[in-house]
Amino acid sequence: MMRFILPLVIFLALAAFLFKGLSLNPREVPSPLVDKPAPAFTLPQLHEPKKQFSPADMKGKVWMLNVWASWCVSCRDEHPLLVELAAQKTVPIYGLNYKDKRADAEMWLQRGGDPYVLSVSDTEGRIGIDYGVYGVPETYVIDKQGIIRYKQIGPVTMQSLSDTILPLVAKLEKE
Amino acid sequence: MMRYLAILMLALLPVFAHAGEAQDMAADPVLEKRMIVLAEKLRCLVCQNESLASSHAELAEDLRREVREQMNLGKSDQEIIDYLVSRYGDFVLYDPPMKSYTVLLWFGPFALLLIGVGMLLYQVRKRRQIVPETQLSEEAQKRAAALLNDQE
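Quick mapping for you: the protein sequence lines, in order, are chains A and B.
Just so you know, we're using the working numbering here: the first sequence kicks off at 1 and counts up by one.
Just so you know, we're using the working numbering here: the second sequence kicks off at 1 and counts up by one.
Just chain A, with the same shape it has in the complex (with noise of 0.2 Å):
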């Protein structure tokens, strides 16, 4: 009789395995950003580039960084959901406008609605290295004393806000 079990019992702990294997993402690379401070930078604003903005100016503030280009497809995805959320102005979205051309951003911006408070312009993606990027849209919610304290890879969708972002978001407020 054991002879029959084991290798069952083995077959069925292995498929088990396999099984949760084909939910996975392997594209979903955990960041290890999070739970750190939000690396500093200063970049010149997409609308203005003669100011400047930073993270050190959001100190005290729960916010979100979002990295998007004109170039993104799934950002098309996404981009009606943040406009909705700026309207209603649970959380100030920041853009970080990741190797785009100004023109094309603003363009792009023009056409699907404007979320972002402000956005910076990384042309050659230096702060997306310094940030982990690796593929566009992530996003990232920063909290008051400005650590990373969750990352979304690839676009926002409705569930990831209603799941993970708000509730958080929420949470941050209160610390």
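None of these hints come from the bench; they were simulated from the model.
From the three backbone atoms N, C-alpha and C, an ideal C-beta is built for every residue, glycine too.
Check before you lean on any hint, since a few could be wrong.
With a straight-line Cα cutoff of 30 Å, these simulated DSS-like cross-link-like pairs (lysine-lysine) come out [unchecked claim]:
(1) 33(B) x 99(A)
(2) 99(A) x 59(A)
(3) 89(A) x 151(A)
(4) 33(B) x 20(A)
Covered stretches of chain B (chain A as the covering partner; in silico rule of three or more C-beta atoms under 8 Å from a C-beta of chain A) [to be verified]:
(5) 55-67
(6) 103-116
(7) 137-150
Residues from chain A that keep clear of chain B, each with C-beta distances beyond 12 Å, as calculated [as the list claims (entries may be wrong)]:
(8) 30
(9) 56
(10) 99
(11) 173
We have chain A; now place chain B onto it with these hints.
Chain B in isolation, oriented as in the chain A frame:
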């Protein structure tokens, strides 16, 4: 004759058409070489089964530029690796570090091998007990020989 020569030259074509590393500017060949050696140990995050050295993804180009610049600033290979790990996690390393959660990765195959050897030994020993070596009497041996010869 010309035809054979042409065929021979065509056959040799693949020898010269090797795929090189992704090309970038190579201002300082020594530094470039050091960068490539390091980048071969790092994984491109976009096309995940390619090294940073051979990937043509735009992010890989940017990361190579970053590595090159940090080398120019006099940083050591280890410092650059530490920087990239702090941004992208252990995932960028092709050689996974030994950590509590990678123990299974490092020692799992050896554990499986040991289990296999153990099971083999156990089975061999058990079989020996079930089928002991039989000692035939002289009479039985003669009979067996007779039977075997009979068949021929």
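Broken hints, numbered, in rising order?
When the structure is compared with the hints, numbers 4, 6, 7, 8, 10 turn out to be violated.
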